[in-house]
Each structure stands twice: as structure tokens, then as C-alpha cells.
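S.K.: Below, each chain spelled out in residue letters.
There are 4 protein chains.
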Amino acid sequence: MKRKIAVVVTARPSYARIKTALSAMDDHPEIELQLVVAASALLDRYGSASTVIEKDGFRIASRVFMLLEGETPQTSAITTGLGLLEMATVFENLKPDIVVTIADRFETMATATAAAFMNLPLVHIQGGEVTGSIDEKVRHAVTKLADLHFVATEKARERIIRMGEEPSRVFITGCPSIDIAAEVARHPERTFDPFTSGVGAKQDLSGPYLIVLQHPVTTEYALARDQAIETLYAVRSLGLPVLWFWPNSDAGSDGTSKAIRWFRENDNTDKFHFFKNFPPEAFLQILNRCSCVIGNSSVAIRECAFLGIPAVNIGNRQDGRERGCNAIDTPGERESIVFAVKKQIAHGRFPSDPLYGKGEAGSRIASLLASVPLSIEKRLTY
Amino acid sequence: MKRKIAVVVTARPSYARIKTALSAMDDHPEIELQLVVAASALLDRYGSASTVIEKDGFRIASRVFMLLEGETPQTSAITTGLGLLEMATVFENLKPDIVVTIADRFETMATATAAAFMNLPLVHIQGGEVTGSIDEKVRHAVTKLADLHFVATEKARERIIRMGEEPSRVFITGCPSIDIAAEVARHPERTFDPFTSGVGAKQDLSGPYLIVLQHPVTTEYALARDQAIETLYAVRSLGLPVLWFWPNSDAGSDGTSKAIRWFRENDNTDKFHFFKNFPPEAFLQILNRCSCVIGNSSVAIRECAFLGIPAVNIGNRQDGRERGCNAIDTPGERESIVFAVKKQIAHGRFPSDPLYGKGEAGSRIASLLASVPLSIEKRLTY
Amino acid sequence: MKRKIAVVVTARPSYARIKTALSAMDDHPEIELQLVVAASALLDRYGSASTVIEKDGFRIASRVFMLLEGETPQTSAITTGLGLLEMATVFENLKPDIVVTIADRFETMATATAAAFMNLPLVHIQGGEVTGSIDEKVRHAVTKLADLHFVATEKARERIIRMGEEPSRVFITGCPSIDIAAEVARHPERTFDPFTSGVGAKQDLSGPYLIVLQHPVTTEYALARDQAIETLYAVRSLGLPVLWFWPNSDAGSDGTSKAIRWFRENDNTDKFHFFKNFPPEAFLQILNRCSCVIGNSSVAIRECAFLGIPAVNIGNRQDGRERGCNAIDTPGERESIVFAVKKQIAHGRFPSDPLYGKGEAGSRIASLLASVPLSIEKRLTY
Amino acid sequence: MKRKIAVVVTARPSYARIKTALSAMDDHPEIELQLVVAASALLDRYGSASTVIEKDGFRIASRVFMLLEGETPQTSAITTGLGLLEMATVFENLKPDIVVTIADRFETMATATAAAFMNLPLVHIQGGEVTGSIDEKVRHAVTKLADLHFVATEKARERIIRMGEEPSRVFITGCPSIDIAAEVARHPERTFDPFTSGVGAKQDLSGPYLIVLQHPVTTEYALARDQAIETLYAVRSLGLPVLWFWPNSDAGSDGTSKAIRWFRENDNTDKFHFFKNFPPEAFLQILNRCSCVIGNSSVAIRECAFLGIPAVNIGNRQDGRERGCNAIDTPGERESIVFAVKKQIAHGRFPSDPLYGKGEAGSRIASLLASVPLSIEKRLTY
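Residue numbers (the working numbering), protein chains in the order written: chain X, 441 to 822; chain F, 441 to 822; chain R, 441 to 822; chain L, 441 to 822.
The following block holds chain X by itself, in its conformation from the complex (with noise of 0.2 Å):
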């Protein structure tokens, strides 16, 4: 008997954080990949992950339409109910061996209570990492009704089991984005041309460009619209071209994008060229030519380090998460970001770090899913 996987993308980032291993359980013998499609990863305003996913080839079992519009706090926790009450109907028809959720959104506590509450074993993949934001009370929360964890990191790994996880239920895989990053460096010479979507002008990058993923911070969501005017500024002081990526839902980037728009028009944005969504690899040969990424995604810190990209990370989204020596850290001001990019481009290329993983999360994690032991029951080690 094969074992049923239900996994559970709920926004296009986390699509690039399973999909090789998406592609591992659909070839593997012992696994019926469930794949269940939500929250934004549905709509076309973020980018529209689902199309990419069936693209993809793969088959969507289940679609769970849960996005509130408002994008504040009350919001998110509307959003949350909905979506663990939907939830709930998914997998007592899917009726999953498995339930695996993905790193630290917010409305992932809809899937992990979902599964906790049904006696389905949890898998989160991506626990034990530290950040700001409301991710990080997420992140936990997760570990704490997860069965089994899959990390990317040996100190990940260190921080799941101090906090009172059987060590034997705790995996160090990888993470599935790097695999699509070692892929991409394995081939620089695949290309792609970004400027078939998005809105702005076409821009030249056979020579220098930058990279901006900036995130509304959740606990700081009123703003969400300051920050990025902030950096919209910077960026376009440096008279590079510029490709910026459309945050995700959240609190607060209803503020990000009124600053985008905004300053698209009151100032000049010929240098810029706005985008929602790519497939990972195309998005990942796009980063891996430009001379600085720059905002408070987690990219900048996972895939970049593998890559080598120069990167400023801005504010406190992501203070605590381990990273390589490409990343350098800057205050929310136009001056200050300024500052950093320069400093970066300067520098140029670092050397891979393989911090985040080595290439075959992917692979590992189908293989875990399909022979390791299930148990819902747990308790505390100490």
C-alpha cells in the first residue's frame, strides 16, 4: 500500500521550498503525492502559484479558497479560522497517512491544527530556523503539534530537539530550494527572459542590475507602506536597473503595494520593472546573474548563499536566521541601504556556502515520507 502525502502550498515562496520534493514523491513507488492548493497560491494577485504548479505537471487534489481580503491582523486570523475549517472537510475526504506543511506563513497554523486535531502525523518541513515577525511565534507553534521535522540545518536541528523533540523524529534534509539553486548553478549558461509579465519598461541586463524582495514585517504592519518608500529610493538612486518582486499576502503588503504604486506614479520608474511571480528555476537564473539582491526575504539568505549573490538584508525580518557570509545587514533608511548595495557591488561574487543544503533535499525528504515510522504520539523529553 502506498502511503497518501497530503502537502499543503499555501503561498508561491513556499512552492520553491518543496518542489523538488514534490517531484521526488511523484516518482517514488511507495507514494500518492496529495497535493492541496490554498490561500494565495490560488490567486492570480500573488502570482498565481497553481498555474505554475499545474505547469508543472503536477495534479492538484484539493483547492481550499480561504483569503480574506483587508490584509490586517484581523484579517490574517480570519483567514486562519476559514482555513482550518476547510481544511478539515480536505482531509477527511482525502484522508491522508501524512500531512507535511511548509516553513512559517501565518495561515500554515491552519494546515498544522488541522492535521493535530484530525490524528493525522505532521511533517513540517523547515522548523527550528529564528526570524522576527510573527514567523517566528508560527514557526514554533508548528514544531510543537509536528511529529516529525525535516530542517535544513545542523543548528536547526540543535534548537528542535533543545526544545524537547525526540531527537530520533528530527531530520536534517536540506532544503528543497537549494536544490533548484544547485541546479541552476550547475548550468549558468540557461537563460530566461523575465519580460514576457510584470508591468514597466523593458530593462538591459547584460550589465549590472539589482533585485529587490521586500515583505511587509507583520508585527510592524502599519508600516509596511514607509519601509518601502524607503527602499524604492535607495534602489533608484543607484540608476541601476531594477527588478522588483510583488510582495506576498500579509499583513500590511496592502502598504507595500500602495507605496509601489504611489511611487510608480509620482516618480520616475524607467529603471524599474515590477514583477508578481516566475516559475523557481527561472526566478532562481534571473538572481543569479544580478550584482545585489536586496529587501527581507529569506531568499537572500538561503538560496543567495548557496549562489554566492551579494545581498543586503533590511530590517528585522530576518534577524536570527543563520547565514553565510554573503549577507550584510542594514537599517530600514534610504541612506543606509544606499550605503550597503554600494558596499556590496563592490565586493562581487562570494564563494557557494552550503549551509542551507547541499542539492538533495528533494530526494531525501520523498525518501523519509515513504519509510519513516508514524506516531501521534509525543511528549516533552525533559
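No more than 25 Å apart at the CA atoms, straight line, and that leaves these computed lysine-lysine pairs for BS3-like:
hint	chain 1	residue 1	chain 2	residue 2
1	R	Lys711	R	Lys698
2	X	Lys711	L	Lys698
3	L	Lys535	F	Lys535
4	L	Lys716	X	Lys716
5	F	Lys642	R	Lys698
6	F	Lys698	R	Lys495
7	L	Lys818	R	Lys595
8	X	Lys698	L	Lys698
Over the 10 Å line for every Cβ pair with chain F, so calculated as not near, a few chain R residues:
hint	residue
9	Gly604
10	Arg626
11	Ser646
12	Asp666
13	Thr709
14	Lys711
15	Phe715
16	Asn756
17	Asp769
18	Pro771
19	Glu775
20	Arg819
No lab work stands behind these hints: they were computed from the structure. Where a beta carbon is used, it is the ideal one built from N, C-alpha and C, also for glycine.
Starting from the known structure of chain X, fit chains F, R and L onto it as the hints suggest.
M.R.: Leaving out everything else, chains F, R and L in the frame of chain X:
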């Protein structure tokens, strides 16, 4: 400015675990108490805690109907999802400075998640303990969502700190239920006639009698009926009067109820009286005079340790919970139960054990809530 | 291509009102039946219609847990809201060509609204009747959301047309419950021992006996307890064996249940047996031999008109419903009830009245569903 | 004792349809207004009606976030389900004597169902009209849930009575939006600069200009994008300045938005300015000076009939709605639209037609709400 403290009570037993703290908050000049009563605490079928609460003089600021019929793991998840989205609206209206959540029932995930997502400082009462069932996952997940921890025992504090919480945010307050037990112990002459409610014949309580408090174990919820049947046969065979309390609303409680109904229809229950609920003091007065308390309730471990009442703990629901010398463990077969109860009756009363508090928890909690520094930012300490 | 017909059953009595049509659909070569069982039809407390349905050989395509505990007007609204959002997901998965909703219980608003909003042709069974309570509003609102109307009587058809529906979309099919009554009438020798379920003493059914079917009236829901008490005293005073059926889940049903429990604890119920549910045929076999049916159920007006059983209809719940000569009306005071029942017993059996159908409703409905032209566009005819 | 009147506003256009009545209620000595703002009326993306409402001096008693992202038929159903369960809690807290629901947007089913189920007298404003789309079903279903009907036209009253409502419960009040139109007509000199908001170049409004108000048709929602594209090409070809208003939130509105964005990126929109929202008066001042209003909004049929503004109504969304001589109908192809607009511009201004009211609706509605006899019992009149 008074601090607005929203306390969410979702079940009859949770009320006993917070009552003296509510009184102390009501009396505190710097606290405005916002009492939210939800889930089974509103329902007659589960002893209508809300009626007791109002009779005790507390004003209910908001009522949240959220309990779905069915009592399966799936309906637990739907109930919690519904509660989460309703609680978001309640908190938006009340705008509390602090949210207080009690212990580890499944639906407390709704309170904790709503508070964390809405950037409201969350105080968790009675974290850091260890037991079986879904409660274990819920309790530690709430710890990870909470900003402040008011625990009952030294060991609980140590565990929470080991889980990575800041020591300065973990306070030993004792459990408010012990405050009531202390008051009952101070006045052994106070008494109460239980037979004005419940069903079954009036029993003679001037001699020895037994009390049963048995809940379904959610991770084995299909067995609830059989587990209850074993206990029913065991206590009937002892020939003493039995005061039996109906279970809370949990996955499996329908099975327990069915067992009781079946037994009532098919067997001799002349010596049984079945109850739904008492005010906490009355309940402890009755408990304080019984020969042995039987089942798997934490009352047998906590309040009864303080009162020195012999207790027989059945099955794995309380596994891992710290206990005094008053409690012995037994598997769920009727012969084992009978053996253990006889042994405890033969032993008789134990000395008082202040493991879960000395009787000052309520005022200590109120003082802390009025003055403790508040923050919603936290990070693993390692 | 077979037409996919989603039929939503939300309560025990609705199943009797559709059963023969379900059989005819299952047998029809051009129909794929998608049976959705929801709300109280899933719950043991309300007679677990889903178990009967499966025992009858139907496959359940989807189960929707939606019934909130509490049974107040507020929980009716929450239940229906929850049902609406769950039903949307169910219909998205089943992708039916037609949705069928039955009669006028409050939660059928969830089915009807979900179907209408999702552009699915909606068939309403048993519209056009007139009664009291919230059912009256629900029934006609569903008519306005429905695209096709399968009614029981000529007068119902006329009313729906007067409400502005296209005459070509209104079909007199009769009520499927009469199909079962006709089968029972054809085989008066078939019998059934009811005393394998329910609570109370076994009664002698070889002589005269009474049946009570009493529901709370939602627009007077606070009175439910008193109304039931009057009926309990009335029927007890008649000295005949009484078979009493527990009410459906409605605002107020908790009051009715409480009355019954109170009466059982406090009064002599030697002559009573209390039931939750029977399969529809068995129920009508028992009904077919009783001396008088008492209460406010539509069964007394419909099936009993066909079977010619004397009926006493209490209060205003059935006001306005067309009736045959078998039923007389009475207010809810015990003296009036006693007087009316005595009069009906004295009269004895009435001739069969085919007002609500002749016994061919099931096959007529299936034929129509397989062939009727479908459209979701409609407009008032005036 | 003042009557507490809960008015639920769920969208920007509904506010214009009730505003003068809200003012009259606020001024009425026997009315306590409880304003509930919900769904898209809370959201910036849809013109943030709540901000306008507060700027106009109204106090918002409760806010209900309920709008799900996605804008498909399925999310309409989920939104309404969520709204229904939230509205139940809102009404429980506000305890209104009357609930007022406006017109026929899909989510008004939540308001109407919650009020009916909770035994609250429901007043429906602007029933009895006839149009296409899901609005037609919603409007008449709400009529069947409502206890009192305040309609705009003689014909609407007649229709509601024919549907079986008591004539004594149906009142012709006129539409409050005409009150604003009458005020604008009385002061043609009052003006307003629209170009402080919206996107696109400033246009010259001293000469002829066009206004477009185009909504998706929910029963054809997949076509929304194409329909908008045709209109965009049509109006651009006319060479006049165009003020284009973004659509409400409906199944399909995402398609309309996409069309507009696509057109902005790919075509010349120098003559276009795109708006989200205006205060109702400002909106009518702009409308009052335009050469022709184009699209499928009811504003073109109602307010513009009173103001005598030439209107071109596209497609079937307003089919069946009573109209004055100012409006002509056209299919959705660009050539037909161009032909019709040219014809209307050539004709110029029409005489005022008081079909939907004379300008006293607001005060008439407030007087009725303060004094009309209340009942929640009703029955078909035939």
C-alpha cells in the same frame, strides 16, 4: 489608564482554574476585566458554566458560540476554526491590552492564534506541564504563541525556559484552582447537598463514597465507550455510592455519554448519581469528603494532591504530569481499577502537598497582569 | 453523458421526503446520483439518518458537518453560514449538473444559496406550501433561488406561478413520502418491532396506542419547553401507550428535550416509549396502526391523510398547510389536546386522501431530472 | 424607548442608495441608528466606503470583514457564508429592533438570512425590481425573507404584492439616491475636481466627456474580461475624455480589472482617467455634466433618469428594470456601443423623469422605521 484584560473561558473546568484570578482582577484598581465565555462553557449540555459565572457576579463581555455537534476529530478542527474567526472579531471589538488563555483544551488554539496574529500580548496560564492526548501538543504550541507564562510548578517553569522562552517572562504563580481547595480545606465544616441536580437516586454521603471524573482520550477517541464501560463496571462492583461527573465536550465524549446511557438502561445504577456541573467550591467540598477519586481528570492530580484525597488515575491521559503521593496509576481494565481503588481506600487520607500552589495564585496573577512589561516580540533564546 | 444530480439531505425527515426519488435516480441510466448528507442527518443525537441511508444501499458522496450546538436562533444562523461555505467547496468538488434541495428546514438556505451563487441549476422539492414558523420564509426564499419546482399539490403549483415563476418550470410530482405510504397501505400485514431501540418500557401495541411528533416553533422558541410539557400531560392522562419521537434539531429543540427529560425524572412514564428514528417504512408501519397521531409534524397532514389516520394538530406550526379531513386543529393547552384526541379516537380511521400524491412521485422526479431543460437565468413573469 | 435600527452597508453603491435615509435616522428623535459596514465597503481596493461614511459624520457600530479574495462564484458563496455567521454575532451584540438591508447584491443574503433566522424584523429597501444576473434571484429571495418592503416605484410595489406579500407591509418611499440627485439638480453650479484621486492623466471637463460604469455579469462571469475590452475600445474610438469607474467586488470583477490593466499597458489611454470611488454627491455632480453615461450600472437607469442624462445600457444586466426615456440599450460589441453613444450625444439632455422618486425618500424611510408596526410572522396571501 486601566489595563484591559480579556480572559477567555471555553469550558467548565477552565473556569475553576481561573476563578480566583478573575475575582482578584475584578477587585484590582488598575485592571478592567473583559470576560469572554465560549464553546461548551455556554451550553447546558456541558453544565452551562456561563450561568455559574454570572451567578458568581462576573459580567460577561462577549459570548462566542463555536462548538460543532459531532465530537469527532474533524468537528474539533471545525470548532477551532470557527472559534478563531469569531475570536478575531471579538478582540477587534474589545481591543484588550492583554489576552489570557487557560491550560490546554483543544479550542484554546483559537484564542491563542487569534491573539498572536492580532499582535495582542498573550498570557498562557498553566503551560509547561506534561500529559498525553492532543492536550500535550496544544499546550506547548500555545507556549510558543504566548508572550508571558504563568505556571503552577517549579518544574513547569524550568521546562518552558528549556523550550527557549525568556526566563524573565516565566512566572510561578501556582494554579488558581488550589486557592479554592485551600479555602475548602480551611473550612471542612462547610457542606453542600449535591442531589438538587443530576439524575439518579439520592445517595448516602455520611459514609464512604466514590467520585468518578473520566474523560475520553482524543488520540484514542474511538475507544471512549469501552473505557467508560470498564470504569462503570469497576466502581459498581465496589458497592459504594458513586458520584459520576459527565465528561467535557471532546472528540470521544459522545462515546463516554453513550456508555453511561447504555449502562443506565441495562444495568443496576441504584448506587450511582450522575452530575453535569457544580460551582467550583461546592465541587471541592464534595470531593474533600470522598474516599477515593477515580478516572483521568487532572483534578485528581492537582486539587486532590493539595487536599490529600486518595486518587486512582486510569490510563495514559495524565502521563507525565507531576504528581504528589496521593495518586496511583492503573490501566483501564476493570480488575486493575478495582484493585487500585481498594488499595487507596485502605490507605485513607494523605497529607497536603503544595505542589501546584499554596493558595495565593489568584492575587499573584492579577498583580502581574496589572504591572508586567508587555511585548509581542520574542525569539528563541538559543 | 449522465447528468450528475447532487441531492442534499440535512435531516432525518427530509430523507423520508426524498427516498423513493433517490432509488429511482440510482436506477436511472442517465443519472449519476451524488448524495450529500449534512447537519443533523449525520448525528447520532438526531437519529443518525446517514446510517439508515447507507443501510438502504445509497453511497454518500460527501458529508458536511455544520450543526452548531446551542439550538438558539443565533446558532441556526451560524450553522447555516458554516453550511453555506462548506457546501460551496463540496459543489466545487462534485461539479453537479443539478442541485436538489428538499422542503423548508432552515439549513436548506445553505444549499440553495450555494447552488444559486455557483450558477448551478437548483431544483426545489415541495415548494409552494404554506405553514407558520421560519419555514414559511425559508420555503418561499428557496423558491426564488430555485430554477425548477417539483411540487406536491395543484394548489402549490398555482401559488408558485402566482409568485412569478414560469409555469413551464413548475411540475406536480407529488411527494415521495406518499410513495412509501402507498407501499405500506398495500401491505398492511407487514409489521415491525419498534422496541429494539429507544428508551422506556416495552408497550402493548396490539390494542389502541398514540404517536406523538412534536417540534418546537422557531418563532416562539423560548416556549418550546412549556409546549412539550402540555402535550406530555395531555397524552399521559389518556392512559394509552404512547410512542413519542424526539424532535429535530431546531432553535428550541433543546427546550423540548429538556421537557421530556424533566418529565421522565419527575413523573410516571410507564406508558411511554421515546424514540429517535426509524427507517421511513418502519415508521409508517407503526403509524398505520395507531389510533391517533398528535403534535405538529407535517407527517400528520401528509402521509396520514393518505393513510387515513386520525390526527390532532397542535398550535400554529402547520397553519396554512393544505389538509385532508383526517386532521383537526387544537391550541396547545392540555385540556384542548385531550378533548381533540378523544374525538379523533371516537371517529376512527378516515378514507385515503391523495392530496399530496398517489404514490409515483419518486419515478416522476427521476424522469424529470434526467430530461428537463436546464437554465440558471430567470426573471419574474410580471 | 428609541427603536434601534441596524442598517447594513456592504458596498460603495449601496451607501449612495441609503445615505439620505441614514441622515434622517440620525436626526430622528425616536431612532438609534446602528450602522454596520461590511464586505467591500471596508476595503481600499473598492473605494473604502467606510472612510467616506465616517467623513460624512456617521458612527460605525460594527465592521464585518467577510470578502474572500478570488472573485469566483465559489468565493461569492464562501463570502456570504462567512458574512452570515459573523452577522449573527453582530446582531446578537447590537440587539436591534429592526434590520435594514439594501437592494440586491449577493452578500445581502447574509444580512437577510441572519435577521430572519434571529427573529428580527427585516426591512428590504428597493425590492420588487426586475433585472438580470444573480441579483434577480437575490432580490426576490430577500423579499421573501423580509417583513417590510420600502420600494422605489409603483410597479415594484405591485410586483411585491403579486408575489404574495401583505399590501399593508409594502410602502413606496422612492429611492434615497434620487434625494441626492435632486439636491445636485437644484444646485447645478456646485462642482468638484475629480483629479485628486484615481490614475491617468488629468482630463479637460469643460467640454463633452463620457463616464463609464461597467460591472461583470455574474451569470456570465468568465466573459467579464472580453466585455470590458469591447467597451474600452468603443469609448476610446470616440476621442472624448473618459472617466472610468472600477467595478464592485463580484464574481468576474477580476476579469474587468484585468482588462483595464491590460488596456493601460498595451494601448493609448491618454484620454482616460480611472477612479475607484467618490462621495455620492461629488459623483452625481460629475455625472450631471457628462455627455453620456455608458455601461450596465443601475445609476444610468435611476439617477440619470431623474437628471435627464443620456445613457447607453450595455448587455442584459439591467434587462427588465423599469426605465425612463434617457436610456437606450445595446449589445456589447464595440460597433454597437459606438453607434448608440453617438446617437445619445446627438440627442443631448432629456427631461427629468421622477420614476424612482421625487427626492424625499430619506425622510420618508426614517419616519416609517420609527413608527411602522413590527412583526416577524407572515404568510403568503394566497
